[in-house]
Amino acid sequence: MKSISRKLALKRPVLHHLTISLFLLGIHTSSMAQTPIKPTNAATNAATNTTGPSASGVNNALLYAVAWKKTAAEYRALYYQGFNIARIHVQNALDKHKAGDKPLAIVTDMDDTIVNLLDYWSLLINQNKDYFDDAEWDKLIPENKITASPGSTEFLKFCADNKVEVFYVTSRDQGEKTYEYALGHLKHLGFPYADTSHLTVLQDTSNKEKRQDEIMKSFNVVVFLGDNLNDFRRKYYIKNNIDARIKAMEADRDQYGVNYILFPNPTDGHWLAAIYGESEPLPTNANRELMKKAASKPY
Numbered sequence: 001m002k003s004i005s006r007k008l009a010l011k012r013p014v015l016h017h018l019t020i021s022l023f024l025l026g027i028h029t030s031s032m033a034q035t036p037i038k039p040t041n042a043a044t045n046a047a048t049n050t051t052g053p054s055a056s057g058v059n060n061a062l063l064y065a066v067a068w069k070k071t072a073a074e075y076r077a078l079y080y081q082g083f084n085i086a087r088i089h090v091q092n093a094l095d096k097h098k099a100g101d102k103p104l105a106i107v108t109d110m111d112d113t114i115v116n117l118l119d120y121w122s123l124l125i126n127q128n129k130d131y132f133d134d135a136e137w138d139k140l141i142p143e144n145k146i147t148a149s150p151g152s153t154e155f156l157k158f159c160a161d162n163k164v165e166v167f168y169v170t171s172r173d174q175g176e177k178t179y180e181y182a183l184g185h186l187k188h189l190g191f192p193y194a195d196t197s198h199l200t201v202l203q204d205t206s207n208k209e210k211r212q213d214e215i216m217k218s219f220n221v222v223v224f225l226g227d228n229l230n231d232f233r234r235k236y237y238i239k240n241n242i243d244a245r246i247k248a249m250e251a252d253r254d255q256y257g258v259n260y261i262l263f264p265n266p267t268d269g270h271w272l273a274a275i276y277g278e279s280e281p282l283p284t285n286a287n288r289e290l291m292k293k294a295a296s297k298p299y
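Each step along the sequence shown adds one to the number in this note's numbering, with nothing skipped, and position 231 is 231.
Everything labelled a hint here was simulated from the structure, so no lab data went into it.
Among these hints, one or two may not hold up.
[What the hints assert, rightly or not] In the DSS-like style, the derived pairs of lysine-lysine whose C-alpha atoms are separated by at most 25 Å in a straight line are:
1) Lys-297 <-> Lys-239
2) Lys-145 <-> Lys-210
3) Lys-157 <-> Lys-102
4) Lys-69 <-> Lys-129
5) Lys-210 <-> Lys-69
6) Lys-210 <-> Lys-239
[As the list claims (entries may be wrong)] Simulated restraints, written as ranges between beta carbons of each label pair:
7) Asp-204 <-> Ala-77: 34 to 40 Å
8) Ile-88 <-> Met-216: 16 to 22 Å
9) Gly-175 <-> Lys-145: 29 to 35 Å
10) Ser-218 <-> Thr-71: 26 to 32 Å
11) Gly-184 <-> Ala-251: 35 to 41 Å
12) Asp-101 <-> Glu-74: 26 to 32 Å
13) Asp-101 <-> Ala-160: 15 to 21 Å
14) Thr-51 <-> Lys-139: 22 to 28 Å
15) Asp-134 <-> Asp-101: 39 to 45 Å
16) Asp-161 <-> Met-216: 33 to 39 Å
All residues carry an ideal CB built from backbone N, CA and C; glycine is no exception.
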């Protein structure tokens, strides 16, 4: 019995401290229970920017793409390469052109093809935004803070000098002045054929095929220029299916560098619709996870 009593005596301080600890824990738990826990819902969570750019912005997902656009010699070289190839095809068409043939023309997209607005992307980064922002884009459009893409001015002048007509087909929407702004951009940059007969602005759709087909009825279109596969034909407008869009492109692999001249654009475009289902997704955590998943996809 002595040994048992001694063991109990030794344990009493421990039991005493345990009792106090449990008592204090009960007070703490009670106070926590009185603090309401905010319910979570999908809408609130979707809008939360917990994995977006930090205050310094050094983790902005746009940094690599925008830095490449603004500083890489390779980015500019790809434009020169594209316009050099286009010029070769136009010259070949001129050499083969005979009296009675359809007049020659080229069809070109505007934004990121012959017109660049690179400061827009820097603006997003400096505002700690990592996805397309329509409001900011629409504010800059009227200000003519644009540049001609490398090689575009020389190529378009070559076309005009040789009476090869240039048709501009773009998809934009800045309200009632959309057309006025687009035409103003062409004139501001000194591009030829900057008139209502040669500029088509689509506000309600990105489908350029109908207008392209109309032009082809009257002209022999030597090349189509764009930064987006959908600038060539509507068949590439495939949403939520990366592999299907790649497959559609592969079926026309012989057209690239021949009828279709493609320019680089890693920041935006319909390649995003294959990932997200839309070309201008919202800056949500769920969408950032989708981008990570796409970046981890086996090649």
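Hints and how they fare:
1. Restraint check for Lys-297 and Lys-239: the C-alpha separation of about 17 Å stays at or below 25 Å, so the hint holds.
2. Our distance criterion of 25 Å between C-alpha atoms is broken by Lys-145 and Lys-210, whose separation comes to about 30 Å.
3. For the hint linking Lys-157 to Lys-102, the alpha-carbon distance of about 21 Å falls within 25 Å, and the restraint holds.
4. With a C-alpha separation of about 17 Å, the suggested pairing of Lys-69 with Lys-129 holds against the 25 Å cut-off.
5. Taking the CA atoms of Lys-210 and Lys-69, the gap is about 31 Å. The hint is violated against a cut of 25 Å.
6. A C-alpha spacing of about 20 Å is found between Lys-210 and Lys-239, which places the hinted pair at or below 25 Å, so the restraint holds.
7. Between Asp-204 and Ala-77, the C-beta spacing of about 36 Å keeps the proposed range 34 to 40 Å intact.
8. Roughly 21 Å separates the CB atoms of Ile-88 and Met-216, a value that falls within the hinted 16 to 22 Å.
9. The given range of 29 to 35 Å is broken by Gly-175 and Lys-145, whose C-beta atoms sit roughly 18 Å from each other.
10. Restraint check, Ser-218 to Thr-71: a C-beta distance of roughly 42 Å breaks the suggested window 26 to 32 Å.
11. The given range of 35 to 41 Å is respected by Gly-184 and Ala-251, whose C-beta atoms sit roughly 38 Å from each other.
12. Against the hinted window of 26 to 32 Å, the Cβ-Cβ separation of Asp-101 and Glu-74 comes to about 38 Å, which falls outside the hint.
13. Between Asp-101 and Ala-160 the Cβ separation comes to about 19 Å, which falls inside the hinted range of 15 to 21 Å.
14. At roughly 27 Å, the beta carbons of Thr-51 and Lys-139 sit within the given window of 22 to 28 Å.
15. For the pair Asp-134 and Asp-101, the beta carbons lie near 43 Å from each other, so the given range of 39 to 45 Å is met.
16. Between Asp-161 and Met-216 the beta carbon distance is about 23 Å. The supplied range of 33 to 39 Å is therefore violated.
Consistency note: the structure conflicts with the earlier hints numbered 2, 5, 9, 10, 12, 16.
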